[in-house]
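Whole structure, please, built from the sequences with the hints as guidance.
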Amino acid sequence: MTAGRPIDPSRHAVRRRSLIEGLVATLMFPLWPHTSLPVRPAIVMVDGWILSEADLAEARVLPTRRRQPNDR
Amino acid sequence: MIDDLAQSSTDIPAFDADVCIAGGGVAGLTLASRLDAAGYRVVVIEAGGRDVSAAAQDAYAGETVGTENLPLRETRLSALGGSSNHWGGWCRPLDAVDFARRDFFPDGTWPIGQQDLAPYLDEARALLDIDETSGADLDLADAGGRLQTIEMQFSVPPARLGEKFWRSLSASRNVRVILHAALVGCACDRATGRVLSFGVASTAGTRRLECRARLFVLAMGAIENARFLAIENRRYDDRLGNRGGAVGRSYMQHLHQVLGAFVLLGDAPPAPIVGPAQRAFFSSTPALLRETGTGAFRLYTSALSCPPLGAELSRVARGATCRSVAGEGMVLVTAEQLPDADNRIELGDARDGLDRPRVRLRWTVTERDRRTLQVAAWEFGRYLIAAKIGRLKVNAAILSGADPVAGWTRLASAPGAAGHQLGGARMSRTADDGVVDRDCRVWGTENLFVAGAAVFRTGGHANPTLTIVQLGLRLARHLERLLAA
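Read top to bottom, the protein sequences are chains S and R.
The first sequence begins at -1 in the working numbering and counts up one residue at a time.
The second sequence begins at 36 in the working numbering and counts up one residue at a time.
Since the hints were derived computationally from the structure, they do not count as laboratory data.
From a predicted model like this one, the values you see are computed outputs, not experimental measurements.
Backbone N, C-alpha and C fix where the C-beta goes; we use that ideal spot for every residue, glycine too.
Just so you know, not all the hints are guaranteed correct.
What the hints assert, rightly or not - Distance ranges between label pairs, derived from CB positions: (1) S:38 <-> R:384: 49 to 55 angstroms; (2) R:154 <-> S:38: 35 to 41 angstroms; (3) S:41 <-> R:384: 47 to 53 angstroms; (4) S:37 <-> R:406: 18 to 24 angstroms; (5) R:138 <-> S:38: 49 to 55 angstroms; (6) S:55 <-> R:96: 54 to 60 angstroms; (7) R:109 <-> S:42: 37 to 43 angstroms; (8) R:377 <-> S:38: 31 to 37 angstroms; (9) R:385 <-> S:40: 51 to 57 angstroms.
Given below as structure tokens:
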């Protein structure tokens, strides 16, 4: 026995934008909130680490290094 | 006055009240204390006693289906004060974005806004003994508008509301608390939708009472409120807030687990994040939610131990960025689970000691939820790089979408869910897509209300107790107006 009747899934689905809404959104594109966020530099993931591309570029320059006091 | 239905020698006469509240937890005691101060006669029926007992906890046992969940019996406390008897005191009000319409998720739109709860914030803070804050809400220049630091507030030590109000409740002439008294039914006029009385039984089932009042409130926690409504709707043909089948639907948790571990680089400049010896709190910004269509999240750095990762980073990045590792730490995430109608509280086949159906909880962490966690990881990793703070190693379980595994990626304090039970009797604009209206009145009834996190339309990332108290104070004000009319 469930708590209630089956529900109308359309009420719980993400509503699709209408054609007009889509057109307005396109015209408003420069003002659309999320587009105001700046584009960010690329990052990469290696073995679960989130790294900058520079991290890997420098790796080619410095393939090895001496052990440092803070290394564990 | 405090009575105990478990003590057979106690004579409890019939009690006509202005308001009958089922549940003496955070929501119920907030209401009772406020109505007491306003001079109204209140009866609070609490299934537990002054202390937690195995007998009272037994009613909380149930079945869980879906993603591994926290045990139903252990995450809730059946005692005066409810979950305040074991909470950690973390507080933050919901953000404005939590109430607002999100284009990617219109189902989450509340019928009230942050401004409707703001007048009760100071009183809620005082009731919870909040006297410590951490940080401030600030944009982070290096986070590209996607992360911000946030203020968290703390009830220190965590307010135990049963103990806090024990003396005043004992001395009160207006409030009568009946311990070890479980709500087992209600009498309702089918024609008018008016609740006439609550049926009450002692936890052992040996004594019965009928509580009559003008107004009735369900304040037993999200799961128990939905369970009660589901049981009674069998008798009342879904008239108690279930016209649209919403009772028990869209149960929500806060996802809570280790996001990853970070390595601080020695040449890092001063920044809002600081070493693992200090906590720092971050959250998603509304702009990020609009950009990604995910739930909100909060991050905090922690001094909890993790394996040394500096050497691993030097292998992965081949050394250039990590010549001088200044420290390591962990970052934990608490994330909003966007409501999903299939996550639901329903009635199981087993029965409790009072012959009521036990609860069956269907709960799944969806792909959308997992994406929220992944967005949190990517954004925090980006921020550490942009701010020249360090590098993040993401918990593999978050990347793979798997459940957390043993080891440093799964902590006892962050097992995957936070134990916050939200939804099941959500607030709505119409009777078709929720259980209560903007005043927390159960749709289809004249005088039955719900208090607590059951009414949350969405959960945000904030710990819910402060909002529960704000909602309770607001409901008390509404009930006062009704009683005065």
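Hints versus structure:
1. About 52 angstroms separates the C-beta atoms of residue 38 of chain S and residue 384 of chain R, a value consistent with the hinted range of 49 to 55 angstroms.
2. Our hint of 35 to 41 angstroms for residue 154 of chain R and residue 38 of chain S holds, since their Cβ atoms are close to 39 angstroms apart.
3. The supplied range of 47 to 53 angstroms is met by residue 41 of chain S and residue 384 of chain R, whose beta-carbon atoms lie about 50 angstroms from each other.
4. Taken as a hint, the range 18 to 24 angstroms holds for the pair residue 37 of chain S and residue 406 of chain R, whose Cβ atoms sit roughly 21 angstroms apart.
5. For the pair residue 138 of chain R and residue 38 of chain S, the supplied restraint of 49 to 55 angstroms is violated, since their beta-carbon distance comes to about 23 angstroms.
6. Against the hinted window of 54 to 60 angstroms, the Cβ-Cβ separation of residue 55 of chain S and residue 96 of chain R comes to about 58 angstroms, which satisfies the hint.
7. Between residue 109 of chain R and residue 42 of chain S the CB atoms are about 42 angstroms apart, so this pair conforms to the stated range of 37 to 43 angstroms.
8. At about 35 angstroms, the beta-carbon gap between residue 377 of chain R and residue 38 of chain S stays in the expected band of 31 to 37 angstroms.
9. As the Cβ distance of residue 385 of chain R to residue 40 of chain S is approximately 54 angstroms, the hint placing it in 51 to 57 angstroms holds.
Of the hints listed earlier, the one the structure fails to meet is number 5.
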